[in-house]
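Now for the letters of each chain:
Protein chains: 2
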Amino acid sequence: MTVTGILHPGQMGATIAATCSGTTLWASAGRTAATQRRAEDAGLTDAETVAGLVERADTIVSVCPPARAVAVAQQVADAGFAGVYVDANAVSPTTAAVIAELFEHYVDGGIIGPPAHLDGTTRMYLSGHDAAAVAERWAGSVLDVRVVDGGVGAASALKMCFAGWTKGSTALLLAINAAAQHYEVHEALFDEWAISIPDQAARSDGAARAASPKAWRFEGEMREIAATFVDAGLPAGFHQAAAEIFGRMTGFRAADAPPDLDTVIAALLDADGVGPS
Amino acid sequence: MTVTGILHPGQMGATIAATCSGTTLWASAGRTAATQRRAEDAGLTDAETVAGLVERADTIVSVCPPARAVAVAQQVADAGFAGVYVDANAVSPTTAAVIAELFEHYVDGGIIGPPAHLDGTTRMYLSGHDAAAVAERWAGSVLDVRVVDGGVGAASALKMCFAGWTKGSTALLLAINAAAQHYEVHEALFDEWAISIPDQAARSDGAARAASPKAWRFEGEMREIAATFVDAGLPAGFHQAAAEIFGRMTGFRAADAPPDLDTVIAALLDADGVGPS
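Chains as they are written, first to last, in our numbering: chain A, 3 to 279; chain B, 3 to 279.
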């Protein structure tokens with residue numbers, strides 16, 4: 003019987019835990035009521051603290067905002083965890099290597115797709131020595147877990163490249179809309195797009211609505227991708243700029259409903275860069 | 003009878019001249035044999051020098067690489083041109099304003115699409131006081147000339163926003179491919195794209211082939227877009243990075259055939275950033 007611990011059951015993490023076979027644990031200390039509710043809905047067992055999780059789990063999977071990944075790993079290492087640590091976060095290969103240093107048994111990971119509620123939507127890539135053994139825990143579930151060749155860093159690199167395009171191009175598209183608004187040619191741009199890039203106006207509005215609630219954690223992810231590029235001898239600017247764009251949208255985290263394109267543009271052009279909240 | 007001068011009949015400029023009504027002039031001094039051939043094919047009259055053009059034309063249209071736009075304008079202004087000067091180049095609104103200062107009658111312009119050989123492919127946007135009068139010269143031609151509201155700078159801003167997306171996203175896509183290659187996850191990325199972003203692999207190869215022959219002039223255009231963003235209070239990084247990517251591809255200008263994706267990736271990852279030529 004396998005015992006897998008999850009840090010933490012956020013919207014994504016809860017589905018990673020819910021789709022995992024065997025016993026699945028979480029640690030309630032210091033978590034929000036929303037996390038508590040998700041953990042209960044997913045049928046997770048409460049180990050109460052990270053120390054409790056470390057004592058009972060043979061494998062711990064970290065699913066958290068990228069800016070928290072090293073701190074979460076350090077907490078687990080400090081509690082003396084001797085099992086397999088899986089960092090499934092959107093971090094650079096270099097950050098993954100830093101985390102790997104903390105554990106004797108380490109598996110690198112990266113998740114692509116939305117929270118795994120439906121078959122075929124979401125893949126978790128794993129790389130490193132114990133990747134295949136860890137992957138078996140999700141056999142037959144709606145989460146598609148795949149081993150990627152190349153050892154520690156490969157799964158993170160794949161995630162960085164994938165998100166570097168999807169989120170990087172989203173930030174660029176929103177910034178272009180803001181520039182057009184600043185120069186009072188937004189309507190002319192939409193007219194031109196209607197001729198030459200059909201759906202680009204709708205794509206802009208969709209990007210505003212989809213990215214806004216999550217922009218607060220995209221900022222850290224973009225900084226990890228910028229570092230990934232630098233380590234490859236490629237320019238960091240695309241994702242440094244994307245981090246700044248998403249940083250100006252953090253105020254939408256608490257919005258009741260996703261904002262429309264005009265509202266996002268206003269936040270991007272706001273000199274204080276604070277957003278509307 | 004209108005007399006329009008064109009500086010210079012490159013691949014784009016030759017079609018701008020060929021579609022213009024009335025007498026169209028060019029200046030052969032110092033131009034290449036290829037430009038000579040294009041000017042003859044387009045039926046242009048040779049005024050020999052910029053001074054000759056300035057003496058005979060009532061309107062002069064500049065179509066040149068963005069990095070040359072100010073120098074070309076200065077040459078015309080120094081020759082005492084008193085007619086309407088049209089800068090149709092991919093420059094920032096601020097650069098357009100600098101050029102506008104050189105002339106009493108100035109029209110801002112921006113071209114979107116390929117050289118205008120066929121109906122419906124190419125638009126030239128014009129803005130400023132004399133824009134509508136200038137636009138009439140192309141009435142009924144395959145070049146679709148449109149007036150954009152907002153005065154000097156509006157047509158340039160529209161071009162910057164349009165190209166900021168098309169060329170900026172092309173550079174990002176090529177850079178992502180290079181990063182994946184560096185981390186040895188390029189095949190894994192293509193496998194993931196086959197599931198989640200159909201056509202993205204083909205789009206990558208198409209971007210490599212289409213951008214490579216023109217990358218040498220995209221570099222300067224990206225720097226103009228970066229300046230356009232800064233003047234709008236938006237981050238310059240996207241297009242500074244794009245300039246660096248295209249800068250590493252300048253060696254393909256002289257290639258016999260457009261390179262494939264692997265060849266472009268190799269140039270991007272080349273530490274010297276020189277490319278293959």
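To be clear, the hints were calculated from the coordinates, so they are not data collected in a lab.
Backbone N, C-alpha and C define an ideal beta-carbon position, used for all residues, glycine too.
Keep in mind that a hint or two might mislead.
Unchecked claim - Just a sample of chain B residues kept apart from chain A, beta carbon distances all over 10 Å, derived: (1) M3; (2) T37; (3) H131; (4) D151; (5) R219; (6) Q242; (7) A256.
To be verified - Cβ pair distances, simulated, as ranges: (8) G235/B to R205/A: 38 to 48 Å; (9) D272/A to H119/B: 41 to 51 Å; (10) P260/B to A141/A: 36 to 46 Å; (11) D207/A to G24/B: 42 to 52 Å; (12) D207/A to Q38/B: 45 to 55 Å.
Consistency of the hints with the structure:
1. Consistency note on M3/B: stated as away from chain A, and its beta-carbon is indeed over 10 Å from all of that chain's, at 32 Å minimum.
2. Taking the minimum C-beta to C-beta distance to chain A, about 28 Å, the non-interface status of T37/B holds against the 10 Å cut.
3. Residue placement check: H131/B keeps its beta carbon more than 10 Å from all beta carbons of chain A (closest about 17 Å).
4. Taking the minimum C-beta to C-beta distance to chain A, about 8 Å, the non-interface status of D151/B is violated against the 10 Å cut.
5. No beta-carbon of chain A is positioned within 10 Å of the beta-carbon of R219/B; the least distance is around 19 Å.
6. A Cβ of chain A approaches the Cβ of Q242/B within 10 Å, the least distance being about 5 Å, so the stated non-interface status is violated.
7. Taking the minimum C-beta to C-beta distance to chain A, about 24 Å, the non-interface status of A256/B holds against the 10 Å cut.
8. Hint check: G235/B to R205/A, Cβ distance near 24 Å, so the stated range 38 to 48 Å is violated.
9. In this structure the supplied range 41 to 51 Å holds for D272/A paired with H119/B, their Cβ-Cβ distance being about 44 Å.
10. At about 45 Å, the CB distance of P260/B to A141/A agrees with the hint of 36 to 46 Å.
11. Checked against the hint of 42 to 52 Å, the C-beta distance between D207/A and G24/B comes to roughly 43 Å, which is consistent with it.
12. Under the hint 45 to 55 Å, the C-beta atoms of D207/A and Q38/B, about 49 Å apart, fit the expected range.
Of the hints listed earlier, those the structure fails to meet are numbers 4, 6, 8, in rising order.
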